[in-house]
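J.: Chain by chain, the residues run as shown.
Protein chains: 2
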Amino acid sequence: MRPSDVFDLLRDGQPRTRAQLAELTGLARSTIAARIDVLLRLGLVAPYGGGISTGGRPPSLLALNPGAWVVAGIDLGATHATAALADLAGTILAERRADLDIAAGPEVVLTWVEGVVDDLLTEQRRPVSELAAIGMGLPGPVEHSTGRAINPPIMPGWHRYDVPAHVQRAFDVPVLIDNDVNIMALGERHAHLSDVDDLVLIKVATGIGAGIVSGAELQRGAQGTAGDLGHVRVGRAGDTVCRCGNVGCLEAIAAGPAIAAELREQGIDVADGHGVVELVRAGDPAAIAAVRQAGRDLGEVVATLVNLINPSVVVIGGALAEAGESLLAGIREVVYSRSLPLATEHLRIVTSRAGERAGVIGAAALAIEHVLSPAAIDAAERRLVSA
Amino acid sequence: MRPSDVFDLLRDGQPRTRAQLAELTGLARSTIAARIDVLLRLGLVAPYGGGISTGGRPPSLLALNPGAWVVAGIDLGATHATAALADLAGTILAERRADLDIAAGPEVVLTWVEGVVDDLLTEQRRPVSELAAIGMGLPGPVEHSTGRAINPPIMPGWHRYDVPAHVQRAFDVPVLIDNDVNIMALGERHAHLSDVDDLVLIKVATGIGAGIVSGAELQRGAQGTAGDLGHVRVGRAGDTVCRCGNVGCLEAIAAGPAIAAELREQGIDVADGHGVVELVRAGDPAAIAAVRQAGRDLGEVVATLVNLINPSVVVIGGALAEAGESLLAGIREVVYSRSLPLATEHLRIVTSRAGERAGVIGAAALAIEHVLSPAAIDAAERRLVSA
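Chains as they are written, first to last, in our numbering: chain A, 1 to 387; chain B, 388 to 774.
If you are wondering where the hints come from, they were derived from the structure by calculation, not from laboratory data. From a predicted model like this one, the values you see are computed outputs, not experimental measurements. A few of these clues could be false.
Said to hold, decoys possible - With the C-beta cut set under 7 Å, the calculated list includes, among others, these residues of chain A facing chain B:
1. D119
2. L121
3. A222
4. V232
5. S373
6. A376
As the list claims (entries may be wrong) - Interface residues of chain B toward chain A, partial, derived using beta-carbon atoms under 7 Å:
7. G608
8. A609
9. A648
Note that the Cβ used here is the ideal one computed from N, Cα and C, for glycine as well.
Take these sequences, add in the hints, and give me the full structure.
T.: What follows is the structure, given as structure tokens:
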């Protein structure tokens, strides 16, 4: 048994005495004392003030100490970036948003990241030594194990770029990278669906992708590319060329730019997905019809996803989700007619509640999950011992 | 810490002394002694004979005792059934195969199951008291948590039938039920791909379905219906009516009966999928072309599955897998042209090596996984203590 196992008993936030921990774990008193010493020195656990005296000297209580460390969560989109500082309970302490073009390349973008993390720490009066980890989402395929983007279509200069190494020149902490949609799924679950173990978050914006949580675990697949919905072939796309170079992809007809292009062909002046959402909100019938059709196209792939993965909640996020019921109605129409009855019996298809903050909340959650993992705690202990 | 945690250290088959277990777990000597006592009484651990004397009385070694208990694995297909007895290491001790129509209903089929388990125990001279659990696969959607089939299309009389309760009238042991394809995925992994954490086994026979293992865990989804490939819509199926009542399903054009029907329309005398495989083996060009086209249709759905789930191995099993390269060539043709390059970079698409024994090996593995699970060991301990 390692210190992390004792810690697992404290993660629920309940304060406990050393005697209770010894009883619950079956560990020897001397072992408990040594483990608690490590966790106290790491700052993950702290003496808890509210011990109830049963006469004589009160037993000293210990509890998780969420404020001892902070993590940074970074959500990098195509043209915007959000950064936040959070405590170990995932409470966002401070947040910044900026216009930032991912295509400016890793030097420019990561220099901004380093600057904003520094600013947030200063603003919150936290020394750099209290930063435990950084979680970051990138808008493209990511090899999670190495933290590198792989052939990301909208990120020139980022292919196989070593993001953690760059950021670690400024901050000597673990840097966890994932794609933007995976962190959105983590964020939505952390903020609003913590009791749901099987959910899929689908981002519909400039591109289309999904973050899949099955059995309470984010499913990245063998190469980290799980959830690539955007380049599934759908009937109505026919031979439409997609920006990926293939033909017939969902993204080529149902993402924001495709819907806007379709409306422009009808003589409607609209630049992008955000413009489409504004038209839908203004009650424009052509825009409502186009979004509903995009929903049906999406529904074709969601129906397959429901048959293959059987989630209990499908969350629609991204800019197009703001078109609300028009998009959902199209998706539901196809999913409920195509999927297995048992798979749709308790299925909910909803729009994201975390909205554009899902990514940054999830990036912080990714960092926290790492900091509180048994492996990370054991590694921190080894550093303490060898120091 | 519970007895199961001590046991986890012995599951690798390495013999260890009580002193080594105390050191590895950090548990008090008295705690170790109590835990080992429970595991010895449960028979899961036994004294190991090969202790090396270092002078004086040799330390007594303990090791996993795979032969102490047996499990039964049952693979029920549409028209055949296989039953096996295995030890806790998954070694098959004895096996029986019979013609048995699942449509005969649960009374007939489960009476056969009870008889064959009894016969296998007698043949192996194992008392019923040494049977630890029964794992069983059914050819339809199964709610794994309750062990009931839900609206299974080819299993009249089985809808919501309480299979575990029936079997437990004869054998008072845990009965684990899953669908036939999930147990095939477990069996293939147990027998041939134990180092692969992300694999999908696709059964192509009278129906088409998949068992999905992601992150080393079988993924059943929220309602246990994950892996339902057969009723995904594919382009070539058009308005072909499927036996599920929907139109355009993969199964309606690419499963054994559909291929056979297509060949009959061309004037070729063939009854079913097995007949199609025989024709392919005999070099019949029409059969080879039809199987390759079925492979392409399958490939459409496999391409989507690869984009969504990103496995490292796709295993094709079931009767049609015996058509070998003709089927694989069609699948590969579409998958490699449709899926994301990163997802297919290290992807292997292969035929099953466990073949028709995958199901029964997997059913036994399902039972063993339960018997050796922490929850089951703790429950067994509570029964010992209260007895």
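J.: Give a verdict on every hint.
T.: Right, here's what the structure says about each hint:
1. For D119 of chain A, the interface hint is violated, since its Cβ never comes within 7 Å of a Cβ in chain B; the closest pair sits about 35 Å apart.
2. Hint status for L121 of chain A: violated, given a least beta-carbon distance of 34 Å to chain B, over 7 Å.
3. For the restraint placing A222 of chain A at the interface with chain B, the shortest Cβ-Cβ distance is roughly 4 Å, inside the 7 Å limit, so the hint holds.
4. Of the supplied interface hints, the one on V232 of chain A holds, with its beta-carbon coming within about 5 Å of a beta-carbon of chain B, less than 7 Å.
5. At its closest, the beta carbon of S373 of chain A sits 15 Å from a beta carbon of chain B; the interface hint therefore is violated under the 7 Å criterion.
6. About 18 Å separates the beta-carbon of A376 of chain A from the nearest beta-carbon of chain B, more than 7 Å, and the hint is not met.
7. Because the beta carbon of G608 of chain B sits about 2 Å from the nearest beta carbon in chain A, less than 7 Å, this interface hint is met.
8. Of the supplied interface hints, the one on A609 of chain B holds, with its beta-carbon coming within about 4 Å of a beta-carbon of chain A, less than 7 Å.
9. For the restraint placing A648 of chain B at the interface with chain A, the shortest Cβ-Cβ distance is roughly 23 Å, beyond the 7 Å limit, so the hint is violated.
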